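There are 2 protein chains.
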Amino acid sequence: MTDSVKYLLDETRIPKHWYNLMADLPSPPPPVLHPGTLQPVGPDDLAPLFPMALIMQEVSTDREVEIPGPVRDIYRQWRPSPLFRARRLEKALQTPARIYYKYEGVSPAGSHKPNTAVAQAFYNKEAGVKRISTETGAGQWGSSLAFAGALFGLEIQVFMVKVSYNQKPYRRALMETYGARCIASPSMETNFGRALLAKSPDNNGSLGIAISEAVEVAASREDTKYALGSVLNHVLLHQTVVGQEAIAQMELANDYPDVIVGCTGGGSNFAGIAFPFLGAQLRGGRKVRIIAVEPAACPSLTRGRYAYDFGDTGQMTPLAKMHTLGSAFMPPGFHAGGLRYHGMAPLVSHIKELGLIEARAYHQVSCFEAGVLFARNEGIVPAPEANHAVKGAIDEALRCKESGTSKAILFNLCGHGHFDMQAYTDYFAGKLTDQHYDEKELAMALAGLPSVPEPA
Amino acid sequence: MTDSVKYLLDETRIPKHWYNLMADLPSPPPPVLHPGTLQPVGPDDLAPLFPMALIMQEVSTDREVEIPGPVRDIYRQWRPSPLFRARRLEKALQTPARIYYKYEGVSPAGSHKPNTAVAQAFYNKEAGVKRISTETGAGQWGSSLAFAGALFGLEIQVFMVKVSYNQKPYRRALMETYGARCIASPSMETNFGRALLAKSPDNNGSLGIAISEAVEVAASREDTKYALGSVLNHVLLHQTVVGQEAIAQMELANDYPDVIVGCTGGGSNFAGIAFPFLGAQLRGGRKVRIIAVEPAACPSLTRGRYAYDFGDTGQMTPLAKMHTLGSAFMPPGFHAGGLRYHGMAPLVSHIKELGLIEARAYHQVSCFEAGVLFARNEGIVPAPEANHAVKGAIDEALRCKESGTSKAILFNLCGHGHFDMQAYTDYFAGKLTDQHYDEKELAMALAGLPSVPEPA
Chain L
1 MTDSVKYLLD
11 ETRIPKHWYN
21 LMADLPSPPP
31 PVLHPGTLQP
41 VGPDDLAPLF
51 PMALIMQEVS
61 TDREVEIPGP
71 VRDIYRQWRP
81 SPLFRARRLE
91 KALQTPARIY
101 YKYEGVSPAG
111 SHKPNTAVAQ
121 AFYNKEAGVK
131 RISTETGAGQ
141 WGSSLAFAGA
151 LFGLEIQVFM
161 VKVSYNQKPY
171 RRALMETYGA
181 RCIASPSMET
191 NFGRALLAKS
201 PDNNGSLGIA
211 ISEAVEVAAS
221 REDTKYALGS
231 VLNHVLLHQT
241 VVGQEAIAQM
251 ELANDYPDVI
261 VGCTGGGSNF
271 AGIAFPFLGA
281 QLRGGRKVRI
291 IAVEPAACPS
301 LTRGRYAYDF
311 GDTGQMTPLA
321 KMHTLGSAFM
331 PPGFHAGGLR
341 YHGMAPLVSH
351 IKELGLIEAR
361 AYHQVSCFEA
371 GVLFARNEGI
381 VPAPEANHAV
391 KGAIDEALRC
401 KESGTSKAIL
411 FNLCGHGHFD
421 MQAYTDYFAG
431 KLTDQHYDEK
441 ELAMALAGLP
451 SVPEPA
Chain S
1 MTDSVKYLLD
11 ETRIPKHWYN
21 LMADLPSPPP
31 PVLHPGTLQP
41 VGPDDLAPLF
51 PMALIMQEVS
61 TDREVEIPGP
71 VRDIYRQWRP
81 SPLFRARRLE
91 KALQTPARIY
101 YKYEGVSPAG
111 SHKPNTAVAQ
121 AFYNKEAGVK
131 RISTETGAGQ
141 WGSSLAFAGA
151 LFGLEIQVFM
161 VKVSYNQKPY
171 RRALMETYGA
181 RCIASPSMET
191 NFGRALLAKS
201 PDNNGSLGIA
211 ISEAVEVAAS
221 REDTKYALGS
231 VLNHVLLHQT
241 VVGQEAIAQM
251 ELANDYPDVI
261 VGCTGGGSNF
271 AGIAFPFLGA
281 QLRGGRKVRI
291 IAVEPAACPS
301 LTRGRYAYDF
311 GDTGQMTPLA
321 KMHTLGSAFM
331 PPGFHAGGLR
341 YHGMAPLVSH
351 IKELGLIEAR
361 AYHQVSCFEA
371 GVLFARNEGI
381 VPAPEANHAV
391 KGAIDEALRC
401 KESGTSKAIL
411 FNLCGHGHFD
421 MQAYTDYFAG
431 KLTDQHYDEK
441 ELAMALAGLP
451 SVPEPA
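Same order as they appear, the protein sequences are chains L and S.
Using this note's numbering, the final residue of the first sequence is 456, and nothing's skipped along the way.
Using this note's numbering, the final residue of the second sequence is 456, and nothing's skipped along the way.
For the record, the hints were derived by calculation from the structure and aren't laboratory data.
Values in this document were obtained by computation on a predicted structure and should not be read as measured data.
One or more of the hints may lead you astray.
Repeated chains share a single entry, so a pair holds when one copy, or any two copies, can fit it.
[To be verified] Restricting the straight-line Cα-Cα distance to at most 30 Å, the calculated cross-link-like pairs of lysine-lysine (DSS-like) are:
(1) Lys287 to Lys125
(2) Lys125 to Lys6
(3) Lys6 to Lys16
(4) Lys130 to Lys6
(5) Lys401 to Lys16
(6) Lys16 to Lys431
(7) Lys125 to Lys91
(8) Lys16 to Lys199
Working from the sequences, and respecting the hints, build out all of it.
Written as structure tokens, this is what we have:
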């Protein structure tokens with residue numbers, strides 16, 4: 001039997017630093033602007049929300065940022081994560097391509113999110129913070145921060161999009177098991193939430209609304225800071241342990257990727273696997289095609305505008321230049337909840353503008369089809385978000401088959417689907433359909449983008 | 001920060017053989033009897049149900065049984081599994097005890113069950129079998145065999161206890177994702193199921209009924225064999241990879257367990273962690289206290305009779321001498337579905353009779369309390385079954401605290417609880433209560449035990 005192969009590193013190979021792509025870019029991304037003054041924000045503007053160590057990482061241009069000992073100690077519970085050559089999948093596809101995947105589902109929360117959750121919890125603890133407020137959509141991020149908060153003795157308060165809060169009680173139970181407090185958003189705990197509920201008591205919430213609530217809580221309490229699970233530079237930075245390990249593991253396999261595929265919601269998973277390889281390329285190393293895969297129902301990179309926008313619905317956050325569908329855009333309900341965000345990380349948006357990466361959008365039914373094929377051959381059931389990467393990798397492998405070329409394709413399997421079996425149930429029952437946004441609503445959301453003069 | 005420590009082995013340390021406790025026992029367990037003749041069964045009697053290689057393992061007294069290459073190749077996906085020193089939990093308990101746990105939740109199905117599922121699928125494939133029928137309660141075993149069947153290209157047909165089939169659609173979805181066919185039991189697909197449904201159309205099923213159905217299908221079809229996820233000698237044998245790795249990992253930690261704790265349903269998880277250490281003791285090595293923890297609502301080892309009994313409700317299986325509550329016993333509905341079986345593995349029962357192990361029973365609320373404490377300190381949410389072992393280990397650690405002695409306590413964390421969050425939801429909502437069986441019903445079930453004369 002042709003069998004799949006695991007490439008494992010020992011604990012001493014957990015990266016000692018995070019890799020900062022900023023150091024190797026031909027040009028820096030546009031500055032983040034204060035929503036009132038439209039001037040670039042400084043560290044002090046962000047101080048109410050984040051501990052200074054994370055703010056300094058947000059603006060750092062150092063190539064390497066040292067990973068603190070206590071963070072590495074916790075990483076050791078599941079890192080280095082394994083990298084596999086998917087030989088059984090290759091055989092099923094009858095492709096000459098060599099398919100590799102890095103697997104982040106081995107973390108206690110079942111996804112890549114703890115890579116940054118642990119780091120953020122550490123820096124907050126160091127700064128004397130008592131409580132972190134955050135938002136979560138499907139719950140991957142909320143449960144990861146709850147896990148990290150438990151280890152560092154921090155109170156975690158999670159605003160969970162109300163529709164998910166009601167439909168996904170299991171993710172909520174996971175957060176509560178870790179000791180976090182989980183609140184349906186919009187809630188009566190913030191001015192923004194109360195105002196929304198006064199207007200529409202049945203408001204089901206959105207990620208943008210939940211961000212507004214979490215930010216409001218952090219901004220108004222001395223002992224409380226805010227944490228975001230994606231989008232920001234420091235979050236992307238923390239995920240680069242994934243790609244750094246993958247570089248070492250591809251060496252073990254005596255191979256190097258021709259193509260890298262990552263799914264993109266806010267951009268942190270994608271950055272984690274891609275940035276270290278992209279950095280090597282920018283420093284004169286081998287060129288690699290990098291493909292960002294996003295949901296066709298929320299296609300910021302492929303259909304959004306590259307413009308300054310708010311990160312939240314309440315328009316409380318600073319303005320970042322990014323590929324956005326507009327902060328008022330409400331994506332339709334599809335199962336990859338972790339990819340339902342109106343904007344893309346500024347850093348990912350910037351390298352897309354620089355032509356360093358490609359982007360592609362898929363509808364969900366074909367992604368689940370790919371995920372089931374993967375599960376039956378590789379034995380791991382992917383999260384709906386990860387299915388987008390699986391689909392992207394399979395499409396590349398089938399292209400190799402057509403052209404008779406043997407390329408090395410690497411993707412990040414960012415999480416397992418054990419919390420998402422309702423989606424698979426729906427898929428097998430034929431109830432899963434592709435979701436489409438309303439073109440008029442998209443046009444309206446884009447028309448509502450804030451007006452920001454080009455900086456000098 | 002005091003941090004927990006992981007002891008990892010590289011792939012070359014995956015055991016090359018399974019360890020057979022039979023070789024080291026002071027006396028063999030009583031023979032399994034044919035239900036018609038009451039004479040010891042021979043290999044031919046079992047041939048309709050199992051491939052000959054597994055039957056030979058069932059009766060083998062060889063100390064070592066070689067693990068076939070293709071099985072080890074698949075084990076490599078997640079083995080060797082990690083062993084952790086739970087220092088954060090120790091600190092929370094303020095105990096001088098040293099708590100170690102082996103973690104089997106890293107397998108693709110999230111539990112220890114694939115250790116035997118892969119082996120059983122391999123031997124069936126080798127024997128030219130096309131289809132395996134089996135039963136499942138909560139779904140851990142069914143999903144593990146579905147996983148193994150997918151890798152070997154075998155059809156898997158799972159009779160799932162109807163109440164679980166309806167209440168746990170996610171485990172069913174997992175089996176279907178791996179390509180297995182899942183049938184609510186009692187079903188219209190077997191004579192036994194049809195007869196039951198004719199009498200009581202609302203019958204919600206039980207593990208004993210599902211076994212009867214799966215056995216009937218295998219016995220009546222040439223191309224189909226049967227597989228069991230616990231209880232039998234060869235199943236316990238396959239799980240010994242767990243304990244063998246743990247021995248090597250305790251060496252890495254420069255320590256040796258004074259106490260081993262395992263939860264017991266059918267007995268395979270317990271055997272997996274305990275038998276290799278017990279074997280070492282029997283061969284003259286260091287003595288270790290071994291504690292089997294079972295649910296107080298289904299307490300075969302602590303309240304059952306050591307007697308010959310059927311493995312199933314339909315009384316189709318051979319008779320095995322074991323601690324049993326009677327094959328007619330219907331345990332109340334508690335959350336650790338994997339521990340709801342009326343009997344205990346004959347081999348585990350035998351060593352209990354020999355005084356080589358202790359047994360203890362816990363009600364579920366205290367087990368969930370222990371599981372939540374574990375999750376908040378060690379970051380892993382245990383399955384409800386595993387919570388019994390966690391509770392047993394914590395109790396031992398607290399005893400060390402009282403007596404001021406520092407013992408090494410090792411337990412097997414046999415699976416994660418990601419599929420069992422409803423139970424945690426109920427726990428936090430205060431809806432989880434201890435379940436009690438009816439003493440009269442137990443007495444009746446025990447009175448109904450088959451009458452078997454003592455063998456000469």
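Against the structure, the hints:
For the identical chains of this complex, Lys287 and Lys125 are neighbours neither inside a copy (40 Å) nor across copies (44 Å), given an alpha-carbon limit of 30 Å. With identical chains, the CA atoms of Lys125 and Lys6 are at most 30 Å apart between copies only, with a shortest distance of 24 Å across copies and 36 Å within one. In this assembly of identical chains, the alpha carbons of Lys6 and Lys16 lie at most 30 Å apart whether taken from the same copy (23 Å) or from different copies (18 Å). Taking the shortest Cα distances, Lys130 and Lys6 sit within 30 Å of each other only across copies (29 Å), while inside one copy they are farther apart (41 Å).
Taking the shortest alpha-carbon separations for Lys401 and Lys16, neither the intra-copy value of 39 Å nor the inter-copy value of 37 Å comes in at or below 30 Å. For the homomeric pair Lys16 and Lys431, neither the shortest alpha-carbon distance inside one copy (46 Å) nor that between copies (46 Å) is at most 30 Å. In the homo-oligomer, the alpha carbons of Lys125 and Lys91 lie at most 30 Å apart only across protomers (19 Å), although the nearest pairing inside one protomer, at 48 Å, exceeds that limit. In this homomeric assembly, Lys16 and Lys199 never come within 30 Å of each other (Cα to Cα): the closest approach is 50 Å inside a single copy and 67 Å across copies.
Going down the numbered hints, you'll see the structure goes against 1, 5, 6 and 8, while the others check out.
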